[in-house]
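Asks: Sequence order for the protein chains is A, B and C. Just so we're aligned, residue 1272 is where the first sequence starts under my numbering, counting upward by one. Just so we're aligned, residue 250 is where the second sequence starts under my numbering, counting upward by one. Just so we're aligned, residue 250 is where the third sequence starts under my numbering, counting upward by one.
By construction, these hints were calculated from the structure, which means they are not laboratory data. Computed from a prediction, not measured in an experiment: that's the story for all the values here. Do not rely on the hints blindly, as some may be mistaken.
Derived contacts from chain B toward chain A, CB cut-off under 10 angstroms, selection only [as the list claims (entries may be wrong)]:
1) Leu265
2) Phe267
3) Ala268
4) Ser269
5) Lys271
6) Arg327
7) Val331
8) Tyr348
9) Glu359
10) Arg361
11) Gly405
12) Lys415
Cβ coordinates follow ideal geometry from the N, Cα and C atoms, glycine included.
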Amino acid sequence: MSESLLVRLESYEGPLDALLDLARAQKLDLRRISILSLVDQFLAVVEGARRVRLELQAEWLVMAAWLAWLKSRLLLPEEERGPEEEDPLLAAQRLTDRLEELARMREAARWLAGRAQLGRETFARGAPESLRVEDRSGLALDLNGLLRAYVAARRRGAATRPFTPKPRKLWSVGEALSRLRSLIGEAGPGWSTLSAFLPEGLATPLDRKAALASTLVAALEAARGGGLEIEQDAPFAPIRLRAGASAHAGP
Amino acid sequence: MQDPDFLHAMRIAEALIFASDKPVPAARVQLALPPGVDAQAVLTALAARTAGAAVELVEVAGGFAFRTALDLAPAITRVVEVPRRLPRAAMEALAIIAYHQPVTRAEIEEIRGAALAQTTLDALLEAGLVAPRGRKETPGRPTLWGTTPRFLDQFGLKSLGELPRKEELVSQDLAVLELSALPAAETSPEAA
Amino acid sequence: MQDPDFLHAMRIAEALIFASDKPVPAARVQLALPPGVDAQAVLTALAARTAGAAVELVEVAGGFAFRTALDLAPAITRVVEVPRRLPRAAMEALAIIAYHQPVTRAEIEEIRGAALAQTTLDALLEAGLVAPRGRKETPGRPTLWGTTPRFLDQFGLKSLGELPRKEELVSQDLAVLELSALPAAETSPEAA
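Just chain A, with the same shape it has in the complex:
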């Protein structure tokens, strides 16, 4: 008997399956199961299997080790067990319960398998008819969908439109220099702030900053040639300009 179990070991769905089979082969009453005789058989099977193939699955060995422990405890008089130790009778009962439940579930599976099954022994209508007539005349619209569609459309529109930076006309240093030269004469001998030399019609802060920078560079350029003098009282204080000595050398 253990021989046939040994041969079939691989076809078992784990040690619990094999234990149940052992119990059934002996027509054991699971509720009065002799754990001891079951343990000996199981251990014999596992031992036999180990002789044939060393690479026995861990779960089999764990079960074998546990059963060996259970057997030793069951044989031991109660007074010789440690107080902390699990009650072997309870452990044996739990194993019996598990085997019983597995036996019941296997029986349930057999019961199900024995029933006439739809599509095998009995057949349903192969081509059911639609009992629903769909009225699709209404529209399902929601504001959220509309807004999402708008955003999606705009995003796509932006993505497909080639990016052409808006031509931006910034005040160049050259322009600043010629404006400075033409204005510095009219400004007279006194000091004027740098911003007085900015062109008109500067729309954006960016345009304004660019013009300011260009004008400053132009002023520095002019000062280098001596046509202009620059002064600033303190950092970030207004920058002031006046015509240089060479520009009004005459008087």
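Based on these hints, arrange chains B and C on the given structure of chain A.
Replies: Just chains B and C now, with coordinates in the frame of chain A:
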């Protein structure tokens, strides 16, 4: 019973159930019937009329459906392709899900004492026999599984209540020892 | 006709046709029948028996099938309202018309960055959501489009002013885009 209204109601019920792709609950039949005719009486009459016919009215999965008579299966399967039986592991897992639902995969494995292959669970899912039933509020929140109406339909059950009671499920081999006479074990492994 | 073999053959044919997902040709029915019984005769007898019943055998393209009687259709069918969703392109066009009206088709295409099929515009027109709002005085005098009171109804708006300002929708996303540079943007809904 020969009242023309009742006969008309039988025609409606027959057509409705015949056309449907799923078992039709009696309440749905009632909706289709003219007022004043009782669906249950109509269905009883229809079941009586079709009993023993090639296509019979049966009560299954919480509703009514037409099914071919069992004796005709051999002739039909000669022409119609029949799906393969589920393997034993799948049938066992299915039985465990049916009896222990909602149940996690780990619990199924605990009862079977063996790992449950993903392909096995996939096969049950694909056949529409089981479906997720939420998650268990334990660490990892594992999926809970349960059977579907299709499971009832597949095995010709009116409801889960038609499954044999657990106490009746005694292995044939062990029945020799008259287990049924013994007190039923109250502690099932999932409770342990 | 009362021959038991023939009656059994009729049962087989009935069950087979019932279980098939397609009409069954007579030749296929013949395969399932016991030898010596003619499928054509069986089918003729079955058609005669079911004529006028709730479920009739009919010959359709490709073979034989059961159909529920036409007179029962109103009793067993349920009308289900399934509101249509507008296709994405139509929804986008509608949104652009709402925000940029009055707007020409070419302008809608420009804003969407994609062509707008005439059928899409037709669908909006047919649904009563948009209507012509005169013509733009540019070469070709293209039609200008705007939304209708029905548009407001459908979206549950009292007026176009209830639409979120388009700057709230797109300004952050599309900083690059000069909104004011887009065609017909001057007449935005919140200004209308």
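Asks: Hints first: check each against the structure and report whether it holds.
Replies: Quick rundown of the hints versus the structure:
The interface hint given for Leu265(B) is met, as the beta carbon of that residue sits about 7 angstroms from the closest beta carbon of chain A, less than 10 angstroms. Checking Phe267(B) against chain A: minimum C-beta separation of about 6 angstroms stays under 10 angstroms; hint holds. The interface hint given for Ala268(B) is met, as the beta carbon of that residue sits about 4 angstroms from the closest beta carbon of chain A, less than 10 angstroms. Nearest Cβ of chain A to the Cβ of Ser269(B): about 6 angstroms, under the 10 angstroms cut. The hint holds.
Because the smallest distance between the Cβ of Lys271(B) and any Cβ of chain A comes to about 8 angstroms, under 10 angstroms, the interface hint for this residue holds. Of the supplied interface hints, the one on Arg327(B) is violated, with its beta-carbon coming no nearer than about 13 angstroms to a beta-carbon of chain A, more than 10 angstroms. The interface hint given for Val331(B) is met, as the beta carbon of that residue sits about 5 angstroms from the closest beta carbon of chain A, less than 10 angstroms. A hinted interface residue such as Tyr348(B) counts as satisfied when its beta carbon comes closer than 10 angstroms to some beta carbon of chain A; here the least separation is about 6 angstroms, so the hint holds.
A distance limit of 10 angstroms between C-beta atoms decides the matter here; for Glu359(B) the minimum to chain A is near 8 angstroms, and the interface restraint holds. Here the hint on Arg361(B) is kept, as its CB sits about 6 angstroms from the closest CB of chain A, short of 10 angstroms. Hint status for Gly405(B): holds, given a least beta-carbon distance of 6 angstroms to chain A, under 10 angstroms. Look at Lys415(B): its Cβ gets to within about 6 angstroms of chain A, closer than 10 angstroms, so that hint holds up.
Against the hints set out earlier in the document, a violation occurs for number 6 only.
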